[in-house]
Amino acid sequence: PSSRSETLALIEKTRCLVQGYPEDLLLNYNLMTDSSKIMAMKFLSRLEISLVMGRRGVIPIVTSKMVELSLVHGLTPMSAIGFAYFGSMLASIGHVNEGYRYVKLAKDLVHRFSSKEVAGEVIAIATQTIGYVEPMQTTLEFHMQGHKTALEAGDIRSASLNFNLYCNYLFWCGGNMVNVKTKCEEACLFMKQHKMLAFLLNLRPFLSTIVKLIDKEETPSRFGFDGPAEDVLISSNPSAALIFHFNKMYISFMYRDYDGMASAAEEYFGYKLDVWTLLNIACVQTYISGLVSFWIYRQTSDCKWFERGNRSKAAMRHWAESSQWNFLQKYHLLEAEENFSNRQYEAARQSYHNAIQLSKNHKFLNDEALSCELAGYFFFEIGKKTEALEYFTRANSKYHEWGATAKATSVYECAEAIFKDSSICNRSSPQVGEHPIKRYGSGHPTIQYGDGQGEIASRKRSSQFSV
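At position 432 of the sequence shown the residue is numbered 861 (the working numbering), and the sequence of numbers has no breaks.
Take the hints with a grain of salt, since some may be wrong.
What the hints assert, rightly or not - Below, a list of computed lysine-lysine pairs in the BS3-like style, where the Cα atoms sit at most 27 Å apart: (1) Lys466 - Lys533; (2) Lys494 - Lys612; (3) Lys471 - Lys442; (4) Lys645 - Lys621; (5) Lys545 - Lys577; (6) Lys466 - Lys494; (7) Lys577 - Lys645; (8) Lys624 - Lys545; (9) Lys814 - Lys442; (10) Lys533 - Lys813; (11) Lys792 - Lys612; (12) Lys733 - Lys789; (13) Lys612 - Lys701; (14) Lys849 - Lys645; (15) Lys536 - Lys494; (16) Lys789 - Lys813; (17) Lys612 - Lys577; (18) Lys612 - Lys645; (19) Lys577 - Lys536; (20) Lys536 - Lys442; (21) Lys813 - Lys701; (22) Lys466 - Lys545; (23) Lys494 - Lys471; (24) Lys621 - Lys545; (25) Lys624 - Lys612; (26) Lys471 - Lys533; (27) Lys577 - Lys621; (28) Lys545 - Lys494; (29) Lys577 - Lys471; (30) Lys494 - Lys533; (31) Lys792 - Lys849; (32) Lys789 - Lys814.
Hints were generated in silico from the structure; no laboratory data involved.
Build out the structure end to end from the sequences listed, making use of the hints.
Right, dumping it as structure tokens:
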């Protein structure tokens, strides 16, 4: 296919073909006996994982052919790979629950054939789609199972893919940041040792982001990449370039570096890539780019940014229909930022509250911290300084709990800069029910609060920020 519409037509044709076969029939379907077709299936299956890391636009062609061969000529162990990508592909174009059924079928086919040869890759792709239906925290360890299974089969590429996806999952589930950093460094070292440069190229910018959230002064290992060589590789790989610019945009957003964020966002949105597989990174990129877009809109009044934010909110709402646990708090935070942008302040207040409460209930510590922080900026902007300070206080505490020590300190410094001339911060001692400042092992202060009234009881150095 030469266009997106032609690709969608191919997918729909394959979808209609498969719908004529009940799942129990597919699971017990006859076996493939034609040696030339078996060889073709092996060749096509080897292509899939390479395409995930590079030319994703070809995935629908390869996947549709694998499914067609399986239905016409019978099943092989490689059919499990075809159905895993087919389910992921359907989910990527909006049919999440239907795609979920096919990735579950793919896992069942692995068990039918008892094939470790394909298990690692099937687990990697299937788990990512399952994470759009089932709680992400319950699917996290599937990737380490996939990593181990692939290693036992000598499938280094699938082992690398699972390790990469595990690190991303662990971070975006709100896992402890020190543990995330350790696992990510282990994954990068594994990929370097086994010369899995495409996977390493995708993971290294992510590791850099993790390190900066923990300690802005630390320089992450380059794992053998020098700057110019990495730049050349990134520029020649659109998928790697997209991930690189996304990480630049995200870390600038997290540290309220508006100019750096806006520049990286322009680069990020300059890539028009059809992914055709539904990985967790799609949700993450949609979520963060939506928050970024609403902030840029408030600064520029450029409607294209509002439209981008609105599209992100619509996508999150759709995903929340298949998993409220994973996505509803993200939807409400995007909704809050949209309402903030539209000056619908009472609606924004409720949306921030919903985002924070759901993040807490659903055990996404990172989302809870970010929601509290953005609520702080919102309340400051509308002149509610007491409420703003309380939310900054909570954000500071939650970032520390997450392990993002440097980020927690930056929230402290922003709050200090905001309130340094305010009477709310100039009291000589804490009031009744309030708690003095607490220091962590790193020496960074954390804001303490009590009885709903925030208090910054110590000063470090001031910092500029923008809302």
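Hint by hint, here is what the structure shows:
{"no.": "1", "hint": "Lys466 - Lys533", "result": "holds, 24 Å"}
{"no.": "2", "hint": "Lys494 - Lys612", "result": "violated, 36 Å"}
{"no.": "3", "hint": "Lys471 - Lys442", "result": "holds, 23 Å"}
{"no.": "4", "hint": "Lys645 - Lys621", "result": "holds, 24 Å"}
{"no.": "5", "hint": "Lys545 - Lys577", "result": "holds, 10 Å"}
{"no.": "6", "hint": "Lys466 - Lys494", "result": "holds, 11 Å"}
{"no.": "7", "hint": "Lys577 - Lys645", "result": "violated, 33 Å"}
{"no.": "8", "hint": "Lys624 - Lys545", "result": "holds, 22 Å"}
{"no.": "9", "hint": "Lys814 - Lys442", "result": "violated, 57 Å"}
{"no.": "10", "hint": "Lys533 - Lys813", "result": "violated, 49 Å"}
{"no.": "11", "hint": "Lys792 - Lys612", "result": "holds, 20 Å"}
{"no.": "12", "hint": "Lys733 - Lys789", "result": "violated, 32 Å"}
{"no.": "13", "hint": "Lys612 - Lys701", "result": "violated, 31 Å"}
{"no.": "14", "hint": "Lys849 - Lys645", "result": "holds, 24 Å"}
{"no.": "15", "hint": "Lys536 - Lys494", "result": "holds, 19 Å"}
{"no.": "16", "hint": "Lys789 - Lys813", "result": "holds, 23 Å"}
{"no.": "17", "hint": "Lys612 - Lys577", "result": "holds, 14 Å"}
{"no.": "18", "hint": "Lys612 - Lys645", "result": "holds, 19 Å"}
{"no.": "19", "hint": "Lys577 - Lys536", "result": "holds, 16 Å"}
{"no.": "20", "hint": "Lys536 - Lys442", "result": "holds, 23 Å"}
{"no.": "21", "hint": "Lys813 - Lys701", "result": "violated, 40 Å"}
{"no.": "22", "hint": "Lys466 - Lys545", "result": "holds, 21 Å"}
{"no.": "23", "hint": "Lys494 - Lys471", "result": "holds, 12 Å"}
{"no.": "24", "hint": "Lys621 - Lys545", "result": "holds, 24 Å"}
{"no.": "25", "hint": "Lys624 - Lys612", "result": "holds, 18 Å"}
{"no.": "26", "hint": "Lys471 - Lys533", "result": "holds, 21 Å"}
{"no.": "27", "hint": "Lys577 - Lys621", "result": "holds, 18 Å"}
{"no.": "28", "hint": "Lys545 - Lys494", "result": "holds, 23 Å"}
{"no.": "29", "hint": "Lys577 - Lys471", "result": "holds, 22 Å"}
{"no.": "30", "hint": "Lys494 - Lys533", "result": "holds, 20 Å"}
{"no.": "31", "hint": "Lys792 - Lys849", "result": "violated, 33 Å"}
{"no.": "32", "hint": "Lys789 - Lys814", "result": "holds, 24 Å"}
The structure fails to meet hints 2, 7, 9, 10, 12, 13, 21, 31 from the earlier list, while all remaining hints are met.
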